[in-house]
Every structure is written in C-alpha cells, then in structure tokens.
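Residues per chain are reported as follows:
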Amino acid sequence: MIQNIVDGFLVGSILSLGAIGLTMAMHMLRFANFSHAELLSVGAYAALVFDGLFSALFPVISTAIGPLSLTWALTLATILSMGITGLTAIAIDKLVFKRVRAKGGELSMVFASFGVAMIIRNILGLIFGLDPVLYSQDIVFAILVSADPLLLVKPDQVFTLIAAVIIMFILHLVLSRTTFGYSLRAVAENPTLAQVSGINLNRMIVLIWLIGGGLAAAAGVFYGLTNQINPVLGRDLVLPIFAATIVGGIGSIYGAVLGGFLVGLAANLALVILPSGYSPAVPFLIILAVLLIRPHGLFGEERA
Amino acid sequence: MIGIISYLVFFATVASILSIAVLGLNLQWGNTGLFNGGVVAFFGAGAYGTLILGSAPQDGLLGGFGLPYLLALFGGMVIAGIVAWIVGLLTLRLRHDYLAIATFGVAVAFENLVRNAAIFGGAQGIRGFERPLRDVFGSGLAYNALFFVFVLILLIATYLFLERLIASPFGRLLRAIREDETAAQSLGKSPSRVRLTAFIAGSVIMGLAGGLYATFYAFISPQDVLPILTFQIWAMLIVGGAGNNKGAVMGTFLIWAAWTASGWALSRFAPLDVQLYTGSIQFVLIGFVIVGMLMWRPQGLFPEKLVVSQSAKTGR
Amino acid sequence: MTSLVAKDIVAGYVPDLPILKGVSLTAETAKVTVIIGPNGAGKSTLIKAVAGLVPVSSGTVTLNGTDITNPAPDKMGAKGVAYVPQSDNIFRSLTIRQNLDLVLRNAGSEAAARRDALFTQFPALADKQTERAGALSGGQRQFLAVAMALAINPSVILMDEPSAGLSPKAAQEVLEYTRALTEQGVTILLVEQNVKQALRMADHCYILADGQNQVDGAAQALLDDPVVGQIYLGGKRVAPA
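Residue numbers (the numbering used here), protein chains in the order written: chain C, 38 to 341; chain B, 11 to 326; chain V, 114 to 354.
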C-alpha cells in the first residue's frame, strides 16, 4: 500500500509534467491533441542520442552522479532535449496543425493529431528499434526504506520526483511573479481579451508549444530513467495524461499538476484491488468518474 | 482461377464488413460532427456480443447462450448501443474534446478488459462459434459466396437506411447541428439529445459490422480490437470523403486494398530484416495518408455534394 | 480637429453576410460620441470592427488622418486606441494588480509609477489589489476594465455597453467617470443600450438601424427632437437633464 502511494507520486509527477503542456495547447487551440504524449518519446530518445554523444566526446562526464544512474552527460542531454522537443512541437504545429486549422476547422485537428502520433511513434520505432532501451546499463539497486510495510525506492526515483517538483515550482514562479506568466494565464482564460490587451496570440501559441514540448521532454527522460525507453511510451501514457487534464479541468495549469498526481496515485492504488493487467484501463475509469461527478474538473470552467 | 475468385470473395467480404463500420462512423462524424476515437470498442462490443450470445456453452467463458444467429447478431448491436449510450450521455453535453478522449479511453479499456478477463476468453479470444447454415452449404467457396451476399445485403440495407435518414428532417437537423449549434438550438431542438441519438445509431451500425466480422472468422480476440482498426476506419472515411456515404464505401475498398497490397508487397519484396518492421512502415504510411488528406484535400476524394452553409464555407 | 473617422464601413463575421452595410461615423477629440440603436443594428459590430476584431471588407478607419483599417487587435494599444469589451473585460483568474501589470508589461521602468498612479485614481481598486479580479462587484470590474484601458495612455477608448448588467447607481458612476475622462483629452466612443443616460452624458450621437446610419446629431438635440424620440427613444420625450 505505502509502496503504491510512493510509486503513485512518482508516476504522478511525470504525468503532471506531460499534462501541463497538453492542457495549455488543448485550451488555446481547442482540440484534443493525441500526439502530445509522443513528445515524451521524442524527448526521451533525443536525450538518449545526446547522452551517447556527450559520453563519447567527454568520457569524464559519463560517470554516475552519487547513488544515481544519472550522469552529467545525461543531465546536459536532457536540457538540450527539452529545447529540441520544444522546437519539434513548434515544427509540428507549423507543418501540420496550422495548415489543418486554416483548412478544415478545429475538429479535423484531432484526426490530424492521431495521424501525427502514428507517424512519430512508428518512425521512432524504425530508427531506434522496437526493443526497449535504457540510459544506463549499470544496475542501481533499490534502497530498502522499510521492510514492513515493504517500501523499496530507487535513488533515481527520488531524484525524478524532486526534479519534477522543482521544474513545476519554477513554472509556478513564472506564472505568479512575471508578466510573461500573467500573459500565459490571460491567454488561457480569455484569448480575445488577451489580444486586445496587446498580447500577440500567434507568438503565444509558439511559446506554449515550446514550454509544453520542453516539459514533455523532461517527463520522457524521467520516465526512461525510472522505467525504460520504448517507442510505444507515448501510446501508453496518452490516456493517463488526458485523464490528468480532465481531472484538473481543461485549460487549468495548476489543475494539470494536481490532476497528474491524482491520476498517478489512483492508478497505483487501484492495483491494490485490481490485477495489474487492468492498469491501462484505470485512467478511463478515472475519466468516467470525473465526468460523472464534476465534468469540468477540479479547476476547469464551463466553456462550450 | 478458383484461388483468385476465393480471394476476391474473401477480400470483398472483409471490405464490405468494414464499409458498414465506416458508414456508422460517417453518420457520427460526417453528418453530425462527432469525433469517435474508439470505433473498435463498438465494433468489438458487437463482435464479442454476437459470439457470446450465439455460441454454444464453453468452459469458463461467459455466455454460450446459443441464441439463433440473427438474434445473436442483433444482441451484439444492442450491446454496442448500450456502450455508446453510456459514453455519449457523459460527454455529449461537454465540449467536443471530451467525446474524443472518452471514446479513445473506452477503446483502450475494452481491449484491456477482453484481454485480461478470462470470461471473455482472455488473450486467446473466443472460438468455437458455429457459423450459421454451415451444415447446409459446407465450408467451401459456396458458403463464403453466400456469406458475402448476406454481408452485401446488409451493407446495401445500411446504406439505404442512412441515405433516407440524412434526407429526412432528422438528417437536416444533424447537419444543422454540425454546422451551427446555436442555429439548431434556435429551432427548438436539444442538440445534445440529437447528437446522442446519432452517436448511438452510428455505434449500433459499427456493432453490426463487428458481429459480421466475428461471424466471418468464427473467432474474435483482443488482436482484432487494437486501436489501429479505429485508425484504418477513419482513413477510409477521410479518403472517401466525410459526409458522403458513397464516398465512404469507395474509400473503404480503396484503403483496404492499399493496406493489404502494401502488406503483401512488404512481405514479398522487403528484405527479411525489414519485415519485422512491416507494421511500423504501414502505420507511418497510413498516418501520412490521413495527415496529407486533411492538409491538402480535407473534403476527401469523393466529396459530399450537399450545399454547404455559409458558416461552414469560411471555416470556423 | 477630428480624431477617429470611420467611412462607409462594410463588415461582418462572414464575407457574404455583412452586418454593417456602409456605416460612417466621426468621434471628435476629447468628446463623448455614443452609438445607439435597436438590437441587431450592428452597434457592437461597429466598435469591434474599429478594434480589429471583425474584418472590414470595405471602407476605411482613420485615426488623426492615419489609416488604421483592419488592424491587428494586439497592435491597437500601441496606436493609442483602447477597447473595453462588454462583458468578460477583465482577467478573473488574475489579481487586480496582475491585471494592471499585464497591460503595463511593456512600460518598462515606468510601469510601477503608472500602476501607482492608477491606484491613486481608483482608490477602491487599490484597497483590493491582491484579490482575484473575479471577486469584484460588477461596478468595480468595470472600473478595473477602464483602469486597464487607461494604463496604455490611450487617445481613444472604445467601450461596448459599459453600463450593461450594472445597478442604476453603478451605471451612473461608470458613465460619469467616462465623461470625466474627456477632460484629460481622451476621445470616447461608446455603445449604449441605456439610451437616456447615454444621451445626457454624450456630446454627439449616432443612431444605427439594420447596419446603416439613420440619424446623427448633437446628443442634446436628439434628446429634444420629438420625431427621434418617437421612433428611437421609446415614444416618450425625454426631459433634458
């Protein structure tokens, strides 16, 4: 039970990072973006590539930091990957979504995002193979925190949780202390008023993709660090991330953070009563429960 | 020669079954503007429902009610309709993203359920279904040809039903809602109610397709209800032209032919080490077909011939 | 000297279905110009077309002789034109202070001083500056919206029914405040449903119907005109203020 709660927080932090970008883009461009979770894969693989490159160029930085399997090379690679994934998200919008938006209207965007997801996922599979890979071949043993109740935690998991919380705290500072943050919230609340208040919406869309892509990349690396990297990572995470945005209320950034943790916890706690084979279906049950009890989520507002 | 004819009958049967599912999606998406991200759930509900209701009792499996075939097929459709009713009731009053996500979720959950629950056959699926009239016509080409005719009759019936439906006042209402919800509201109709009706009707039609599919193979397993099927069915509709039933059927035959041909070509000509990736290559191709169509020819190859209203023309 | 001039404006959300069918109007500098007319006359559309939110398919809008037809809505502030929408004209999820900081974000080192000046001007808002704007009363919201408009030091403020949804007292306060802004040299162009009150505080009035100019003239003259009163002001002559 306690193990499930700890695991739930860990998974939750990853889902939160993924859900923040999704909820922003979904609210502003008004479509359910089924390709968002693929950005986690893009980020995870981009970090893998640069990790390999940096380790080969500068072997000094390829040793593990303390008890972690994380290396300085991977840390650098992750930061670079966040930028690259952000740019990828912008590129996808420019190449596909913007054109579909101009041509077919909002609803076609959902189809297009499915198509994009399919393309990214399978191209990653073609490039990197279908088998799972790891950032580090070193075996890092879990630390036995407590024997009864049983609680095993890996150092990487602790790091991931702390890093995710720090990233979200930085985002919180930006949102609550800077005029750029106010603009983001303004756009989320009322795009037309934001525009007449002098905010350039097209520029904001680009920035939202950049931030969303960057956060997704961090989430992807953290997932790879604590599980494994594989091309269907996006397929496995798309529904939990959507569930997180619905729990939080579409458009609410803070809701997405909370939603991510709630979905992570609920999905792990559900395993106490359900056989583990059913875990992919749990996010759907959470979505149904939210739609029944509070359709607009914890922080969402009704917007037809 | 017999081999080719057998294959053509086989191909045409599967394509016709899929056409029925595409027609169901067209009612939802093409005519009403409802995004169904989980076609396989309704297709699968029909397929599993038909087999469970119509098969003889088997150890450990749910059902085995041994109902007469047509009743079992109808029961499968009803089950698909019930699933649609639940999902629709919860989401159709909300903004459209919710329906997309919830339907996608119901498909994931459905596949997960039938894969894990022993009473649904688990990963092995359900077999041992007695195909109707098998003892009269044997198991050869004659039987397959007859079954094809049966499927074709149902396809034509579905087609005619939908053509009548969209020409009726109800059909006009659907298009009005698709194009301008406020205008439809001002006609005094509750859009969410009309949308729910259309969503359930479309899902029941998908359930029919699923039931026929399961009958044809006398077998259904979780492998038959993977998300890729949803994706293929969409590609068929988008390529054919959403809103147009004739286009939907033509799109189905076209995409299904392209899919089987590409699979065959890859397995025949691609080097052995590439063959492992056949699926990935096909998925990338179909992804490009969908994205490309939406970008360059969103109206499809055989577009809807109806007069489009002002607001739809300018694109919202 | 003329300030904001709209000439033969044809505009609408859909190209083939114009809501405005050739409307012309002039808002003189440091005066209040009010647009009235029946529902569906195109009053709000006109003000939105000037603000760049509804595309103008023909006709021109000029500001002191410079063409500003079909502007990017986010560039209007830089041209000295502020627009206050009818409802949802503040960011409810931001605090009052954040609302002002948002519109002042390009003011650089002056931002803090200008914000403080606005708080001096609107003491009621200063008291609640760390509260979420969504918690304000209707009248206070309207004042915050006006403060946000003033933050960019506009020469023209476009207002869409500032008194809508307010109590008569709050409506009166908002309209009086708006009137007072002209003393600072600000040009006001507003749409009002509240015809009598609007005419009393305005200098000039345009009456629209069916997307076209009907009558225009000095507000006081229109108030006194029996024919106009009969047709547009609900049949009763309104006593001058």
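Don't read these hints as lab results, they were simulated from the structure.
One or more of the hints may lead you astray.
[As the list claims (entries may be wrong)] A few chain V residues that don't get close to chain C, going by computed Cβ distances all over 12 Å: (1) 130; (2) 165; (3) 191; (4) 220; (5) 240; (6) 295; (7) 310; (8) 316; (9) 339.
[Claimed, not checked] Reference listing, derived: stretches of chain C covered by chain B, where coverage requires no fewer than 3 residues with Cβ under 8 Å from a Cβ of chain B: (10) 150-163; (11) 176-185; (12) 316-326.
Computed from a predicted structure; not experimentally measured.
Glycine is no exception: its CB is placed at the ideal position from the N, C-alpha and C atoms.
Here's how the hints hold up against the structure:
Listed as outside the interface, residue 130 of chain V is consistent with that label: its C-beta sits roughly 18 Å from the nearest C-beta of chain C, beyond the 12 Å cut-off. Its closest Cβ contact with chain C, about 8 Å, brings residue 165 of chain V to no more than 12 Å, contrary to its assignment away from the interface. Not every beta carbon of chain C lies more than 12 Å from that of residue 191 of chain V, the smallest distance being close to 7 Å; the non-interface claim is violated. With a cut of 12 Å on Cβ distances, residue 220 of chain V falls inside the contact zone with chain C, its closest approach being about 10 Å.
The claim that residue 240 of chain V is not at the interface with chain C holds, since no C-beta of that chain comes within 12 Å of its own (minimum 21 Å). Chain C leaves residue 295 of chain V outside its interface by the beta-carbon criterion, the shortest separation being 22 Å against a cut-off of 12 Å. Look at residue 310 of chain V: its CB is around 25 Å from the nearest CB on chain C, clear of 12 Å, so calling it non-interface holds up. At roughly 25 Å from the closest C-beta of chain C, the C-beta of residue 316 of chain V stays outside 12 Å, upholding its exclusion from the interface.
Look at residue 339 of chain V: its CB is around 39 Å from the nearest CB on chain C, clear of 12 Å, so calling it non-interface holds up. Coverage of the stretch 150-163 of chain C by chain B holds in this model, with 11 residues showing a Cβ closer than 8 Å to a Cβ of that chain against a need of three. Taking a C-beta to C-beta cut-off of 8 Å, the stretch 176-185 of chain C contributes 0 residues in contact with chain B, too few for the three needed, and the coverage statement is violated. Remark: the stretch 316-326 of chain C is confirmed as covered by chain B, as 7 of its residues place a Cβ nearer than 8 Å to a Cβ of that chain, reaching the required three.
In terms of the numbered hints stated before, the structure departs from hints 2, 3, 4 and 11, listed from lowest to highest.
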